[in-house]
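Asks: Chains as they are written, first to last, in the working numbering: chain A, 48 to 718; chain B, 48 to 718.
Keep in mind the hints are simulated off the structure, nothing from the lab.
One thing to keep in mind: the hints can contain errors.
Listed below are the simulated EDC-like cross-link pairs for lysine to aspartate or glutamate, each with C-alpha atoms no more than 20 Å apart in a straight line [said to hold, decoys possible]:
no.	chain 1	residue 1	chain 2	residue 2
1	A	Lys422	B	Asp659
2	A	Lys422	A	Asp611
3	A	Lys596	A	Glu625
4	B	Lys711	A	Glu625
5	A	Lys422	B	Asp156
6	B	Lys170	B	Asp423
7	A	Lys422	B	Glu712
8	A	Lys647	B	Glu625
9	B	Lys596	A	Glu353
10	A	Lys624	B	Glu675
11	A	Lys711	B	Asp423
12	B	Lys317	B	Asp564
13	B	Lys422	A	Asp612
14	A	Lys596	A	Asp611
15	B	Lys422	A	Asp659
16	B	Lys624	A	Asp612
17	A	Lys596	B	Glu613
18	B	Lys422	A	Glu560
19	A	Lys422	B	Asp564
20	B	Lys422	A	Glu458
21	A	Lys624	A	Glu640
22	B	Lys422	A	Glu640
23	A	Lys422	B	Asp612
24	A	Lys422	B	Asp611
25	B	Lys647	A	Glu614
Pulled a few chain A residues facing chain B out of the computed Cβ check, cut under 7 Å [stated by the list, open to error]:
no.	residue
26	Ser598
27	Ser602
28	Met604
Ideal Cβ placement from N, Cα and C applies to all residues, glycine included.
There are 2 protein chains.
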Amino acid sequence: MDCSSIAIARSWVYRGPMSIVTGLKRLVVGRRLANAPAAPTLLPKRLALPRLASDALSSVAYAPDEILITLSLAGMTGYLFSWQIGLGVGIVLAVVVVSYRQTVRAYPDGGGDYQVASANLGKHAGLTVASALLVDYVLTVAVSVCAAVVHLKVLWPAAANHQILIAVTVIAILALVNLRGARGSAAWPTYVFVISVFTMLGIGLFRILVLGQELRSETAELTVIGPEGVDHAMGWVLVAVIARAFSSGCAALTGVEAVANGVPYFRPPKSRNAATVLAIVGVLAFAMLLGVVVLARLTGVHLIDELGGASYLAPDGSTSTVGAATVTGQLAQTVFGDWFLPGSYIVVGATLAILLMAANTGFTGFPTLASVLAKDGFLPRQLHTRGDRLAFSNGIVLLAGAAAVMVVAFEASVTALIQLYVVGVFIAFTLGQVGMVKHWGRALRSEQDRGGRRRMTRARVINIIGAVITGGVLVIVLISKFLHGAWIALLAMGLSYTLMVAIDRHYAQVRAELALDARQDRGLPSRVRAVILVQQLNLPTLKALNYAKASRATSLMAVAIAVDDEETRRLSQAWAKEDFGIPLRVIASPYREITQPFLKYVSELRTENPRDVVAVYIPDYVVGRWWESLLHNQTAALIRSRLHHMTGVMVISVPYQLSSSRRKEQRQARS
Amino acid sequence: MDCSSIAIARSWVYRGPMSIVTGLKRLVVGRRLANAPAAPTLLPKRLALPRLASDALSSVAYAPDEILITLSLAGMTGYLFSWQIGLGVGIVLAVVVVSYRQTVRAYPDGGGDYQVASANLGKHAGLTVASALLVDYVLTVAVSVCAAVVHLKVLWPAAANHQILIAVTVIAILALVNLRGARGSAAWPTYVFVISVFTMLGIGLFRILVLGQELRSETAELTVIGPEGVDHAMGWVLVAVIARAFSSGCAALTGVEAVANGVPYFRPPKSRNAATVLAIVGVLAFAMLLGVVVLARLTGVHLIDELGGASYLAPDGSTSTVGAATVTGQLAQTVFGDWFLPGSYIVVGATLAILLMAANTGFTGFPTLASVLAKDGFLPRQLHTRGDRLAFSNGIVLLAGAAAVMVVAFEASVTALIQLYVVGVFIAFTLGQVGMVKHWGRALRSEQDRGGRRRMTRARVINIIGAVITGGVLVIVLISKFLHGAWIALLAMGLSYTLMVAIDRHYAQVRAELALDARQDRGLPSRVRAVILVQQLNLPTLKALNYAKASRATSLMAVAIAVDDEETRRLSQAWAKEDFGIPLRVIASPYREITQPFLKYVSELRTENPRDVVAVYIPDYVVGRWWESLLHNQTAALIRSRLHHMTGVMVISVPYQLSSSRRKEQRQARS
């Protein structure tokens, strides 16, 4: 949800004897880019807005749908409340945007909710926010892609038969694009989307309100019956449905935090520019959401979910549970269909495009947050370093895998996924706002200037309102959605929270164990006994021998394991002929096994000379093609890893570059 | 298909920074066994027979079924030929057994077809046999497990709804059992199977032929209609169906070669004992096969495949394509059902058990053959070494994966899999026999003794007959099955053949490239410049510094990369305070990246001192739990692998054992 990926040149590097998986990866992802990482580009507002806001704005493509689908569970009565619910969501949106403008001003270096909660409420609040956001990034990808597929159905009805497959394929493509190093997303889909939606709303409202035309959507003639034949729900059932519809509609708020996280990528004055963009995004999202809900009401859009239990009742008395096109699709058809058909395709196409962009923001946001968490020691440290694109690759693969699992598990149903979605964002919102309240409280204690104090008090009031409202919405969301799926999201958050706490504790323990203090013995080992593992007498062995000699150890010994009598005899003869000046010791191996006898020899050498260090030289074959590494060095790797468990041993790899490796280096040097 | 696994103690070892996959593997497969490999146990005939022959004998459980199912494609006419086809298969079986008795006598050290073909017909014939056998091991597992599931359906009809899932689960369980180190298979299922089948055949034939009872199987009243309503096929259609039925019936011959491969595991006199067991297996298989086919004819068993196109016609005129129980199941029910029901369960249960044992032989045969191929340089060399159980693990996982793919692709249908199955075995049979013919020809040229020459000439005649018969069957199988699926098996064999040739060529090229000869420069590098990578100042770094000092290099330099200004400042101060006597060089890293700046430094050092070797010391954290290794050493591993591509650099790992690693070593030492 920020654009640090713009700055990252990803590359793939040789990582020792390679696994089949790595090989396949190389095959799919392509040759590594050898570029050095570049500094992040700072964005003017007109570029920052489309890149950071696609997630927030794209929710207009599914939030109204989810409101109407949920309301259909209460039969026709539900629809009476559609615009009030839209307005309610819009008010919460406004509160959140205003609150975030305070955050952006207070943290000009980029105040994600994670940083705000950590700094003000402590580690555990920060980790709670972080795990909520990690889970939500997964859901952002899953929901956005599934919503995109639903819009694809409007353009290409045959897609309905393969929704899951298409959604998973799209996720895979997004992952690949990001693995290969996406250069940031384009700005135009956001603008096309915003302009086309407003055009549609404007023309639609103009035709209805000014020209007095009667525009009827394709589902206007249908009435809606709730589950078990409910056509007008009353009392608690109605309240529960309205609460759920509101909760689902709150999906429109996801993505607002992305602008706050993106502050570092704005041109200075960063805070002011970010606050301005936030305000613009808020106004746009509010207007689009309410416009769509109102126009849907005016044109009589009725929407059901095929699996939700509600059904359509046609004027001829027949019923059907087959869903209709999306709200956007129906409105576009209604507004443009009778005079300018391409207009409706442009609206749907732009919606599809912005939904894919929104999914793509997950592929930036997730690895970036993971990198921040790794820097703070809550995730494996290798996820941190910026230039090491492996960090980002792992995050991308993890995110894509999790999103694909969600899509398959929930059969690409946006309505089902939405039940999991909003919880995480509102946990982050609430803790972020509470953190801001504390922040202002602390700031007020040290601020003397009267004007400053007034501004801070005002900001604190805004954030208090924000915290109360978002907290209240969180409670509504939890109650209305817990059993419908939110528990899954909470469980996933709990697991990632526990994992991060465990990793944090592990790093702390290791740090304590490895700390230098005065009591430790600083004595040097007295001598170095070099052992060279000889399997064949060839150039890599010769190189290892030469390097061992150059290192002037106290004693030098070449060791061969007699796996095959014939080979051993040949080796001994060749050794005698070459006259290296190093004795060759042949060790019997009754079970034709290399590792154990060699380890035993090294171990005995250690026991006999406890004050010395044993230096084991192992020739290493460096090859240029990934599959070649499957054919070499495996025994060496095994021995090396076993030696690591012995104290007083150091392991020396003497790499020998085979011609295929040298050719590869030359190719890369040229390119 | 032999029992070398009896001798193998599998263990799992630490292999450096571990992948998630490895971690999961450890979790599932369990803690490594630290035992040393033991010598193979030699088996008396009464144990060798059940262990080596389960594959050959178990085919009685599906070969008659496949004969009848194929014949059903010709309608009722087909069934007239059932016992002739059974007899034909039996005759081929006899020829193959007699031929193999010659092979076993000629190769007392274990003459698999691969060795025989390689030794007498050259590398390419050997590789052809090897790839045929590798593919056939996969199919042995797939076919045996699917046939077992079909028999499970007889005992537990609900299994029919989950055949694929059950088959894949069984394969996974077999793989796990073998990964954890199966201690050879039990002998009793084979004996129970043989005894129960003969009891069933004896009682059945006695009741019909002696007591004159009319035993009617459950499908006796049904007639069979071939595809497109054919109820009596004629002419070429009939010939084609008979040829296919014969080819499918030849599945009864698979597994005979396993006894020949198993010669090394017999007690001396190995050859004679193996030949005796071969004869016994041949007689048993022949009698059981023919007995089942004849009894099925007498009791009116009719069998169709649900997807094959044939259908049942009931006396009331209704038709059905729902298949019936297996031949063994129907016979057991017919013979025992009306007076001793447990008898029928024993037969079916024993059949199930021997089929699982047969599948299990694949899990021994495949890795063993792969190990032999690796020794000869046709597969990655690490598959060879006996004691290294990783070799066998990889083979087991590969086999299980391939078998599972086959099961899923062919929807656990034995009839579909059988189309692929027999080709490989008959390629191996034919080339093995041709190789034996050449062997005797060569032996005759040097043999002077008249008695010896007579024996050899006789053996050669037998092998010529064997070669002609098996070659003829191979042609029939290829013609009758090619389009029905055999092409897939041939394609797989072609791919593995190509792979092995490529690996062979690669190893030869590397050997040539690395060979020592007199022209090479033997000059020693003049000096060693040691560089110690310092990321933090802690005990592992101290250890690396001490080891570097003890190694008395020409120059010593500690290098830190300035990723974080604050950390770097603290490091420099601590360094100054400690007074190690080694300069610390801090290298700027504008993009907060460790690898590139460090590599650049080493590269410059190399350029400035082209005659010297650079020794890079890297502290390595050794941890005891698999997940801990995900949290450490990743940057070190990356740097190490990149350094391997530089000439004139050696990389020294200085392992520091964390307490979790020491505790693990102690646990293992105790256990």
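Asks: Confirm or reject each hint.
Replies: A quick look at each hint next to the structure:
The hinted pair formed by Lys422(A) and Asp659(B) fails the criterion: a straight-line CA distance of about 37 Å is larger than 20 Å. Between Lys422(A) and Asp611(A) the alpha-carbon distance is near 51 Å, which puts this suggested pair outside the 20 Å criterion. Restraint check for Lys596(A) and Glu625(A): the C-alpha separation of about 15 Å stays at or below 20 Å, so the hint holds. For the hint linking Lys711(B) to Glu625(A), the alpha-carbon distance of about 43 Å lies beyond 20 Å, and the restraint is violated.
At roughly 61 Å between alpha-carbon atoms, Lys422(A) and Asp156(B) are farther apart than 20 Å, so this suggested pair is violated. With a C-alpha separation of about 10 Å, the suggested pairing of Lys170(B) with Asp423(B) holds against the 20 Å cut-off. For the proposed pair Lys422(A) and Glu712(B), the alpha carbon gap of about 31 Å is over 20 Å, so the pair is violated. For the hint linking Lys647(A) to Glu625(B), the alpha-carbon distance of about 37 Å lies beyond 20 Å, and the restraint is violated.
Between Lys596(B) and Glu353(A) the CA atoms are separated by roughly 73 Å; this puts the pair beyond 20 Å, and the hint is violated. Of the pairs offered as hints, the one joining Lys624(A) and Glu675(B) is violated, with about 48 Å between alpha carbons and a cut-off of 20 Å exceeded. The straight-line distance between the Cα atoms of Lys711(A) and Asp423(B) is roughly 29 Å, outside the 20 Å bound, and the hint therefore fails. About 45 Å separates the Cα atoms of Lys317(B) and Asp564(B), which puts this hinted pair outside 20 Å; it is violated.
Distance restraint check for Lys422(B) and Asp612(A): the Cα-Cα separation of roughly 14 Å lies within the 20 Å cut-off, and the hinted pair is therefore satisfied. Pair hint Lys596(A) plus Asp611(A) does not hold up; C-alpha atoms about 28 Å apart against a cutoff of 20 Å. With a CA separation close to 38 Å, the supplied pair Lys422(B) and Asp659(A) exceeds the 20 Å bound. For the proposed pair Lys624(B) and Asp612(A), the alpha carbon gap of about 57 Å is over 20 Å, so the pair is violated.
Taking the CA atoms of Lys596(A) and Glu613(B), the gap is about 41 Å. The hint is violated against a cut of 20 Å. For the hint linking Lys422(B) to Glu560(A), the alpha-carbon distance of about 45 Å lies beyond 20 Å, and the restraint is violated. Proximity of Lys422(A) to Asp564(B) is assessed by CA-CA distance (about 52 Å); at most 20 Å being required, the pair is judged violated. Restraint check for Lys422(B) and Glu458(A): not satisfied, since their Cα atoms lie roughly 49 Å apart, outside the 20 Å limit.
Pair hint Lys624(A) plus Glu640(A) does not hold up; C-alpha atoms about 27 Å apart against a cutoff of 20 Å. For the suggested pair Lys422(B) and Glu640(A), the alpha carbons sit about 13 Å apart, so the restraint of at most 20 Å is met. As the CA atoms of Lys422(A) and Asp612(B) are separated by approximately 14 Å, the hinted pair is consistent with the 20 Å bound. The hinted pair formed by Lys422(A) and Asp611(B) meets the criterion: a straight-line CA distance of about 11 Å does not exceed 20 Å.
Restraint check for Lys647(B) and Glu614(A): the C-alpha separation of about 42 Å exceeds 20 Å, so the hint is violated. With its C-beta approaching chain B no nearer than about 5 Å, Ser598(A) sits inside the 7 Å limit, and its interface hint holds. Taking 7 Å as the C-beta cut-off, the interface hint given for Ser602(A) is violated, the closest approach to chain B being about 13 Å. Among the interface hints, the one on Met604(A) is violated; its C-beta lies about 16 Å from the nearest C-beta in chain B, farther than the 7 Å criterion.
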